[in-house]
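Given the coordinates of chain A, assemble chains B and C onto it according to the supplied hints.
Chains as they are written, first to last, in this note's numbering: chain A, 1284 to 1634; chain B, 61 to 331; chain C, 561 to 850.
Hints in this document: simulated from the structure, not taken from any laboratory. Hints are supplied without guarantee of correctness; some may be wrong.
Label-pair distances were calculated between CB atoms; the ranges are [to be verified]: (1) C:Leu704 / B:Ala118: 34 to 40 Å; (2) B:Val202 / C:Pro747: 45 to 51 Å; (3) A:Asn1348 / C:Pro747: 25 to 31 Å; (4) A:Lys1577 / C:Pro747: 51 to 57 Å; (5) A:Pro1320 / C:Pro747: 41 to 47 Å.
From the structure, some residues in chain C lie toward chain B, with a derived Cβ separation under 10 Å [said to hold, decoys possible]: (6) Pro678; (7) Gly726; (8) Pro733; (9) Ala815; (10) Ala824.
One side only, chain C facing chain B, incomplete, derived with CB under 8 Å [claimed, not checked]: (11) Gly594; (12) Val659; (13) Val685; (14) Ala688; (15) Gly695; (16) Val810; (17) Trp820; (18) Gly823; (19) Ala833; (20) Thr834.
Because the structure is a prediction, the values reported are computed rather than measured. Glycine included, every Cβ here is placed at the ideal spot set by N, Cα and C.
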Amino acid sequence: MAWFSISHLRKTYGDFIAVDDVDIAVAKGEFLVLLGPSGCGKTTTLRMIAGFIAPSSGRISIGENDVTDLPPWKRHCGLVFQSYALFPHMTVAQNVAFGLETHKVPEAERGPRVMEALRLVRLEGFEKRYPRELSGGQQQRVALARALAMEPQVLLLDEPLSNLDAKLRLEVRIEIRELQQKLGLTTVMVTHDQEEALTMADRLVVMERGKVRQIGTQRELYERPANRFVADFIGRSAFIGGKVMALGQFQTSGGLSVACRSASVVGPATLALRPERVAIGSEAEGLPNRFQAKVVHASYLGALLDVQVALNAHDRLLLQIPNRAGLSEPRPGEVMTIGWAEDAGLVFGEG
Amino acid sequence: MSAIRLRAARFALNAAAAFSLGFILLPLFFVTWLAFFRQEIPSFPPEGYSLQWFAAAAANKSFVDGFILSLQVGIAATLIGLLLGVPASLALVRHRIPLGPGVNTFLLLPLVMPGIVLGTATYVFQIEVEITTSVPVMGSLVGLIAAHTLVVIPWVVRLVTASLAGFDRSIEEAAQNLGAGPVTTFWRVTLPSIRPGIVAAALFGFVTSFGNLEMSLFLVGPGRTTLPIAILQYLEWKIDPTVAAASLIQIVLIGVSMIVTDRYVKLSRVV
Amino acid sequence: MSTIAPEAVAGGRTRLAGLLVVPATLFVALMLIGPLAILFRYSLNKFVPGQFMVDALVIENYIKFFTDGYYLNVLIRTVRVSVICTLACLVMGFPLAYVLARTQSRFKNLLVIAVVLPLFVGNAVRAAGWMTAFGSRGALNASLMGLGLIDQPLEIMYTENAVLIGIIAVNLPFMVLTLQSVIEGIPRNVEEAAFSLGANPPVMFRRVLWPLALPGILAGTILTFILAMNAYATPVLLGGPKFQTMGPLVYGQFAQQNNWPFGAAISFILMTATIVLTMTANFIVRRRSR
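This is chain A alone, in the form it adopts within the complex:
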């Protein structure tokens, strides 16, 4: 049952539609990630949840309550800002205690709760420091502790890791996720970083140009993308233009005929192929779609080799070859046999 839900949420600025009819339901304790390129409306959605932007239409409810018309300070949504937004004139402890004071938590309770929040983010001993005396990572934890201390109904994270260096980001990802699961916090996070989204989320919402393109688990999004945008945005795909000739029959613009289970609606379409689903050489034997391909470019990426091949003048593909012992690196111009199964390719109709 949904604990927190957004229905038909819409935000327009004049003619510009920032968020278009967004419907999301989140279960209690679930970690939901809003993912999309910049300008897709994910941040606007988050700010509407927090109460900083009034929706043009639609409702937001948390638990039993409709909070659409509540001001931010009555929503009990702990928000961790991208820039952390710590109060520079307050110590760490004062920052964390702020939300307790505004919610009229008795003074005797505040101290222990501040300590507990700081312990959760492993910042004991930093109570008396000012934000400027902390590293970026520590500031980020204070921001998290500050939001956690007031025991929010929903925890909101606005690109919380984007200001950390790459190595720290990997650690904090796991820390936040563990903390969220331990406390059973319903959480909504906004990010444009695909890998971050995939490692942290229970479910993901992929947004583009104000619209939700797909909601689902990592596996659902990767294996069964609902449209070309999701197939492109989550993981990597090679796209081949063409049309569906008949049920299960796709013809590329270069004239190759491809057997494909998901080809159902006749007409112009695009075939998407995940690079790792394309077999080469002897492994391609017996597959329904087998072609001769010429290597265009190969990059050595350590564990993998990234190879771009051309099937003909029009159709290009991307493949990944695991770096095994004795592998000879494909050279540009080299011709190889490639192939893929009927269910490897996904066809998306135009429009």
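Leaving out everything else, chains B and C in the frame of chain A:
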């Protein structure tokens, strides 16, 4: 319910802001209104409207002479102020000069000095100079310009150092890397990027000088009066549409020059 | 060799830079410190009626000011007017500064010009505006009588209230611009963080905005206070000859009484009073905010 209260709070905030802005602009509004009255006595409601007072203001010798003097003094003081202030600002921001922060504060000092005190001090200073050198500086154009330069310099230093503080030094390094010598770098890269600061400094310096009253009060001589003082002296005697018309001309000139400057430098960034 | 060269160049540049600062510094020293020193020396001279100024080294001018009730009253009145005006500017200036700092309106520049323009128009012109409004047949009395709210015109001109209104309007832009710049330096996010943590707008203002804006509040208060203490045109034109404040008092001693030593002494007292009061306020606010 709460959404309505939030909107009410925002409305109250905007209303308070509008009230303050109205309060600032109200006197200018009344001066503008008075300048178009038909009758000479400022009684409300006006009997009708007329443009005759602009001709009267333009025919008033003390206003015209005052305007010309204020213009001369303002331009001269601004130029000298820039000449002294811009190099000092450059040096203060770009190089670690011994006592740098102290020098900076010192150059800003005339800004926080009360105008009356500056006036009396300059007045007695000019007396002493005249006694020792027997050069007639009191009430002279040179004396007035020198005093006005003193209040222009802080504006120049303040605005130019502010515009230099946001200056990315790597663009100078880029210029040098591309083969420009120090002089070329200065003329082609450094100076153009602090031009907004210099334009703002020139505007503020000029307008500070043009509008200066308290200090100038002590320094003007017989037959040599700046426009603000001419207006003040006229107002001590009476208020009528002639002085309002003279004021309105001044308001329009300053307003236009500010809007023009705003096209080159956003005033909201430099003030 | 190659490791020494850059430092030598830098040293040479610093010396050159030092030279760039010298003219402006000398000019300010000559035109500000020199005159102040002479002014102070004058304040120790004697004034003998008929004989003008007589060289001496006495403090009788200062004693005269602090023992004569009339002059003391002028000082007290000036301080009172300045304190009221400064507080009014703070209360009226904050909302406008906040709106200006946070607005995303296309007309922000015009709004800023509307605040800055009156600053540059000069105090006499603005006093003329209030004179038009406050006269016995002025706009205010005419409209109040027209509405039937009063029978007799209100006496506003040549009262302390007129001077207060005039000085507040003159000083308000300084307060607004100072506060605006400091509010613009406070990230919007910090306010939003306070809201999301359950603070309503008054609590947010008291706990976050006010403490963070304190340096600007202090600067704006000091600036408007100095300007109010030293006002000249506004009290002369709106307060009339009987409403004496320190500015007109100093001018009168120089221009009408020709009593330079006493004028110099009052000028010095005015400067000292301004500096001492602002430093005290500064000190108190700093201590309390700690």
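Each hint, compared with the structure:
At roughly 35 Å, the beta carbons of C:Leu704 and B:Ala118 sit within the given window of 34 to 40 Å. Taking the beta carbon of each, B:Val202 and C:Pro747 are about 50 Å apart, inside 45 to 51 Å as hinted. At about 30 Å, the CB distance of A:Asn1348 to C:Pro747 agrees with the hint of 25 to 31 Å. A:Lys1577 and C:Pro747 have their C-beta atoms about 55 Å apart, which keeps the hinted 51 to 57 Å range intact.
Distance hint for A:Pro1320 and C:Pro747: a CB-CB separation of about 25 Å, inconsistent with the stated range 41 to 47 Å. Hint status for C:Pro678 relative to chain B: holds, with the closest Cβ pair at about 5 Å, below 10 Å. The beta carbon of C:Gly726 is positioned within 10 Å of a beta carbon in chain B (closest approach about 8 Å), and the interface hint is therefore held. At about 6 Å, the closest approach between the beta carbon of C:Pro733 and any beta carbon in chain B falls short of 10 Å, and the interface hint on this residue holds.
Checking C:Ala815 against chain B: minimum C-beta separation of about 8 Å stays under 10 Å; hint holds. At a threshold of 10 Å, the smallest CB-CB gap from C:Ala824 to chain B is about 6 Å, leaving the interface hint in force. Satisfaction of the interface hint for C:Gly594 is found here, the shortest Cβ-Cβ separation to chain B being roughly 6 Å, below the 8 Å cut-off. Here the hint on C:Val659 is kept, as its CB sits about 4 Å from the closest CB of chain B, short of 8 Å.
Hint status for C:Val685 relative to chain B: holds, with the closest Cβ pair at about 4 Å, below 8 Å. The restraint placing C:Ala688 at the interface with chain B holds, with a minimum CB-CB distance near 5 Å, inside the 8 Å limit. Of the supplied interface hints, the one on C:Gly695 holds, with its beta-carbon coming within about 6 Å of a beta-carbon of chain B, less than 8 Å. Below 8 Å, beta-carbon pairs count as interface contacts, and C:Val810 has one with chain B at about 5 Å; its hint therefore holds.
The criterion of a C-beta within 8 Å of any C-beta in chain B is met by C:Trp820, whose closest approach is roughly 7 Å, and the hint holds. With a least beta-carbon distance of about 6 Å to chain B, the hint placing C:Gly823 at the interface is held under the 8 Å criterion. Restraint check, C:Ala833 versus chain B: the minimum CB separation of about 10 Å is more than 8 Å; hint violated. Interface restraint check: C:Thr834 against chain B, minimum CB-CB distance 6 Å, threshold 8 Å, status holds.
Hints 5, 19 from the earlier list are contradicted by this structure; the remaining hints agree with it.
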